[in-house]
Amino acid sequence: MGQDGAFEFHATFAELGEGLDVLHLSIERLREATGREPDDRPLMLFETALGEIGSNVLTHGRPPGTERPIEYDLRFERGVLVASLTDSGPPVHEHLGREMPDVDSEAGRGLAMARSLVDELGYERVGDVNTWRLTKTL
Amino acid sequence: MEAEVPTLCHMLVASKMSLDVQTRQTDAGVAVIVPSGRLDVAGAPALKDAISEAVKSGPPKVVIDMEGVSFVDSTGLGSVISALKQLRSSQGELRLAAPNQQVRVVLELTTLDRVFPYYATVEEALTGF
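Heads up: the sequence lines are chains A and B, in that order. Heads up, the first sequence is in this note's numbering, so the first residue is 60 and it goes up one at a time. Heads up, the second sequence is in this note's numbering, so the first residue is 592 and it goes up one at a time.
It should be emphasised that the hints constitute simulated quantities derived from the structure, not laboratory data. None of these values were measured; they are calculated from a predicted model.
Calculated cross-link-like contacts (lysine to aspartate or glutamate; reagent style DMTMM-like; alpha-carbon spacing at most 25 angstroms):
(1) B:K676 to A:E165
(2) B:K676 to A:D161
(3) B:K676 to A:D163
(4) B:K639 to A:E165
(5) B:K676 to B:E644
(6) B:K639 to B:E658
(7) B:K676 to B:D611
(8) B:K639 to B:E714
(9) B:K676 to B:E714
(10) B:K676 to A:E158
(11) B:K639 to A:D163
(12) B:K639 to A:D161
(13) B:K647 to B:E714
(14) B:K639 to B:D704
Using the sequences and the hints given, assemble the complete structure.
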């Protein structure tokens with residue numbers, strides 16, 4: 060952690076279990092570095108959203124034959140937490156506006172949940188690369 | 592001049608099972624399923640398998656003890672909804688016990704708290720079941 064209270068974490072990964080472990084580890088490191096309690100609600104909400112987007116990226120972001128790993132960055136500065144995830148999966152524009160499904164549905168909640176848990180959920184497609192960006196003031 | 596920001600880099604982290612699941616049966620014949628770890632996209636299959644096994648070989652009354660679940664995501668929730676459907680199809684019942692704050696928030700956010708009334712402890716969930 061820097062003198063101004065900033066925190067930065069970077070990782071690359073390719074496998075589902077490994078990737079999820081790293082995402083949660085990064086939040087744990089941030090929690091430790093900033094002295095936040097385990098039940099800190101804003102950080103818990105952010106971690107939940109990060110888990111949703113991370114699951115999508117890890118499940119769909121590396122089609123067979125993909126060599127590029129998933130890039131992950133987490134940065135906390137001046138009270139604002141920003142995570143970005145970059146993958147090589149297919150474009151997902153058509154899923155971005157998905158609403159919360161009814162209670163009997165077994166799938167399809169991830170994006171709607173993530174949107175509601177952070178201040179801003181950004182998505183950008185450049186070439187064949189997807190970049191997700193989650194922002195929340197803690 | 593800006594302070595230098597240290598960067599933590601983790602290129603390789605050993606993958607580990609995100610969820611361990613154990614099952615026991617009470618004297619009253621209720622299956623208590625005890626997942627431990629993260630109930631997420633990686634861990635959900637283990638819970639689904641345990642529930643399928645409990646429904647196949649035991650009574651259609653199941654309590655999922657969530658005390659050891661540190662984190663749930665939408666896929667993990669999906670596995671619980673799948674369990675509920677299985678149990679309803681055999682006139683069974685499902686109760687959740689001891690969810691932590693993160694699990695409760697996710698249940699409320701998705702309005703699934705109306706479908707899964709949760710109990711503070713396993714003992715409470717078993718009362719009158």
